[in-house]
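Residue numbers (the working numbering), protein chains in the order written: chain R, 1 to 297; chain W, 1 to 297; chain X, 1 to 297; chain C, 1 to 297.
Treat the hints as calculated values from the structure; they're not laboratory data. Check each hint, because a few of them may be wrong.
Copies of the same chain look alike in the list, so a pair counts if it fits in one copy or across any two.
Within a straight-line C-alpha distance of at most 27 Å, the following computed BS3-like cross-link-like pairs (lysine-lysine) qualify [unchecked claim]:
| hint | residue 1 | residue 2 |
| --- | --- | --- |
| 1 | K10 | K219 |
| 2 | K222 | K10 |
| 3 | K291 | K10 |
| 4 | K222 | K291 |
Protein chains: 4
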Amino acid sequence: MQLGLIGLGKMGFNMRARLREGGHDVVGYDPRPEVSDVASLADLAAALPAPRVVWVMVPSGTITDQTITELAQVLGDGDLVIDGGNSRYTEDAPHAKLLAEKGIAFIDAGVSGGIWGLNEGYGLMVGGDDADVARAMPIFDALRPPGPVEDGFVHVGPVGAGHFAKMVHNGVEYALMTAYAEGYEMLAAEDLVRDPQAVYQAWSNGTVVRSWLQQLLAKALKEDPGLNDISGYTEDSGEGRWTVEEAIRLRVPVPSIAAALFARFLSRQEDSPTMKAVAALRNQFGGHAVKRVSESG
Amino acid sequence: MQLGLIGLGKMGFNMRARLREGGHDVVGYDPRPEVSDVASLADLAAALPAPRVVWVMVPSGTITDQTITELAQVLGDGDLVIDGGNSRYTEDAPHAKLLAEKGIAFIDAGVSGGIWGLNEGYGLMVGGDDADVARAMPIFDALRPPGPVEDGFVHVGPVGAGHFAKMVHNGVEYALMTAYAEGYEMLAAEDLVRDPQAVYQAWSNGTVVRSWLQQLLAKALKEDPGLNDISGYTEDSGEGRWTVEEAIRLRVPVPSIAAALFARFLSRQEDSPTMKAVAALRNQFGGHAVKRVSESG
Amino acid sequence: MQLGLIGLGKMGFNMRARLREGGHDVVGYDPRPEVSDVASLADLAAALPAPRVVWVMVPSGTITDQTITELAQVLGDGDLVIDGGNSRYTEDAPHAKLLAEKGIAFIDAGVSGGIWGLNEGYGLMVGGDDADVARAMPIFDALRPPGPVEDGFVHVGPVGAGHFAKMVHNGVEYALMTAYAEGYEMLAAEDLVRDPQAVYQAWSNGTVVRSWLQQLLAKALKEDPGLNDISGYTEDSGEGRWTVEEAIRLRVPVPSIAAALFARFLSRQEDSPTMKAVAALRNQFGGHAVKRVSESG
Amino acid sequence: MQLGLIGLGKMGFNMRARLREGGHDVVGYDPRPEVSDVASLADLAAALPAPRVVWVMVPSGTITDQTITELAQVLGDGDLVIDGGNSRYTEDAPHAKLLAEKGIAFIDAGVSGGIWGLNEGYGLMVGGDDADVARAMPIFDALRPPGPVEDGFVHVGPVGAGHFAKMVHNGVEYALMTAYAEGYEMLAAEDLVRDPQAVYQAWSNGTVVRSWLQQLLAKALKEDPGLNDISGYTEDSGEGRWTVEEAIRLRVPVPSIAAALFARFLSRQEDSPTMKAVAALRNQFGGHAVKRVSESG
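Turn these sequences into a full structure, and let the hints steer you where they fit.
Have a look at this one:
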């Protein structure tokens, strides 16, 4: 089928390629002319036969807001917008409402798979009305991995449910990564262990902990044993923060997801104010020596 | 090759079957005559041609100690003992020393895979001398999953290294399970999500969080949606506790593994003394109502 | 000075008494006629000479919103409203703006001390303009504990700063309570320790951990050794949740405050869905026995 | 009464002074002649009338072991040894046994108070037989803070109980310090807050969080606002690690104590191997940029 795809960055660019391989006729738009098929959203709308389907794959927050607001102008009754970006699920209902005023339907789609999705397919979690989801199914089928549909695609619930599930997916992802990373640090710290990489590699088959992330860590350790060239400085995207916030709203205890999130915050601090205060306290009551910044150099 | 296998419980019974399928000649011993091939460890030793290889697959701690002590009596110079149980790695060196006094070699082998190992093969992490590992390789090859040897088997280092790696494996396993479980609880708590099982199922392909544990949770949720018939009461084996203890020794921060361990402790408490004390404190300073046990019924 | 006080519950009732003891002329309003001095907010406004000072001490959220909205009607230019409740600090700026449209000034005041404040005085953290704070200082002086003003009162910053500091105070309070409670559980679990109460009592002088909460726990344990009549079920007020949410916004890692919050969530669950999922997983891969709910009775 | 005191370091030196002020006749020994009253342990034994009381105040572990072993030689039947250092409680029973073979009694005494103990008195937690504790009571009375005995001294239980209680005290102390420090970091991160020091100072009276540590943090922040000259690098003594290890043995969940311990480990790492692994993973699956160490300069 024909569809518009807005945003041809790291994710959208690959998705356009996969959709085309899947036999779809994709009109892509991006502000960078060198990758864009059309010059504007209006051109994109004009290039598609009504009723149109437009997939939005731009950074969450302001840019997604602006894009959807603009689409409400250039699209019309019977069209369908799919937000495949990492929007917070609470933004989906307002977006759906804005579009519904013009008769435009809305689906939120959580997309997982990163740079591997081009070849392996993307895990999809979508929210919206049954009829809308059914209509977009050929697109989802092209994007999702081959195999049984239920193993790589889920219609989670009404509008918002897709991004909610994707948010949880990323929260879990944070905690899984920290779990594997803690195991790596232990293996690397113990003299008995010759090569942590070999252990991670050997967990690929048969073990309880085998997973895609386990294999990626084995791969990373093969490329850079000791991870000597990688800093621990780690960004966090919104989903990890939102997961803990939503867990608080739902009164769900998420100690391991929160620990993973806080570890990222900490990784970006030159020196931890919390630990400076702890060091100051020890010095106060115990006369314990503190490391003076002024003595460091 | 010929080998003895001591302990024909949930793990050992299946391993004997897999080893025989792999063409090995296994003499199994177990105190339960209905599963045992011989009547005693002495009979087992007598049934094997020297130099013998004997795999010990009994509960860690006292029983493993007793078994290895007895093997030091009935085996002799040039024989090889492999401890495939979940012994703490610190017990390996003493066991190796005890056996070495009789000229008996020792390998520690961490074995992962649970009840699935029979058909899929067992992930193996071993510690010991190169020559000893080479000698036992045909056994490891029969037990490990098919495919490249390095994907299901690792010679981690000297005696103790195998059980150390297996201990870390289980520590990571604890944290992974908690991560997936926290995600499940969030999905189950949110009204937008129709069916958490479908989400876990859909994470099978394409997603970053895909793994064997993810698939097992999808399977468990399919068998018992809502997990209504399963109590949260969860035992912990030694490895989780040892992992945190060894992390402390190595000064490695393991917040997510520790959180997973503590969650298991908590799951086995009728009521948390910590939270009783918190409730008592709130009552003291704020006059906040507490739930009186005496009022409950 | 003369002031109005709205809300004569557990906190407000005592504050009226302390303010009157401090020589102030307090007109109290509460919907419950038996404790109220006037019949309505309009009566309260009428009973005070302009420019008026009115202290709001009602539950945070909707009721505070309604009260301040109504005060914007019955008060006027030059008056001053102080919100002494546990409002989220983000609500202060909108409240200040609403009142400013009528020329009414606003101060947010975090109040700590619980039921002990009547006699010992209340710890006060306030936000607002210097002139407004100066004007209300006689009230703050009557409410705060005797001694140096800086030891029981702080003008934290502009509007919102008082409630922010109070929120952090409560977040820290959560973590402190959990710290003491974990220590109690350890003492209670160890056979060598005859009486955890005596240990907590003995921490009153000389030790590094001495504090008011430590003394309250000693007191609680004296009243109910073993805390046998207290359930661990523990409510949480908004501040604990807000603290973690604001920490996430500020990218501040707060593992111990978050752990304390999550422990409260957990204390209110009959059975943890997270741990049910962990138990289900163990059963799936290891054939480990699970506790069936259906077998429990 | 007369007593020997071995170890005249930061703690022992002050304790000798306080004991002498309390009217006791103290013979102090230290390997540093400039502070020592006698030249050797043998001289110390000779200088005291039998039955002797000797207080050991030396670093825990090897040095305490050696000292007690030597005391078993130079002391004799009817004498009493008190270990006031930070020995692990599990070492007390062996020490008691060793001494008992010579008819020498043993008490373990946990001592809290740091450099402030000289003037304010030391919080004491002791383990041992009733008769032995009664015999040493005049010493405890001189060391403990003035006031009711039960507020600064506790006979916790049999040998080992004193050090166990002190270990828990320090574990709680770790968690309390982290709690206050997290609050500080939040206050320091929020623009609305003019001066975190003023807030900590104002918590001194009336608030729920008031404590000695709170006052010390206020003091530290007064001396160095912003803690600019203090590094977050923080040592940990044995007690924090032991507390978590013993919690594991007792199956007591201690998330906040463990979090405080792990934060100290982390504070001493140049870069976290765990977070290097997390960053490497993000790079693998998402193509997320990592900070290359090689690019840093």
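At 27 Å max between alpha carbons, let me know whether K291 reaches K10 within a copy, between copies, both or neither. between (44 Å within a copy, 19 Å between copies)
Give the relationship of K10 and K219 under a CA distance limit of 27 Å: within one copy only, between copies only, both, or neither. within (21 Å within a copy, 33 Å between copies)
Evaluate K222 and K10 at a C-alpha cut-off of 27 Å and name the case that applies: within, between, both or neither. The answer is within: 25 Å in one copy meets 27 Å, while 35 Å across copies does not.
Within a copy, between copies, both or neither: which one fits K222 and K291 at a CA-CA cutoff of 27 Å? between (36 Å within a copy, 18 Å between copies)
Violated hints: none; the structure is consistent with every hint.
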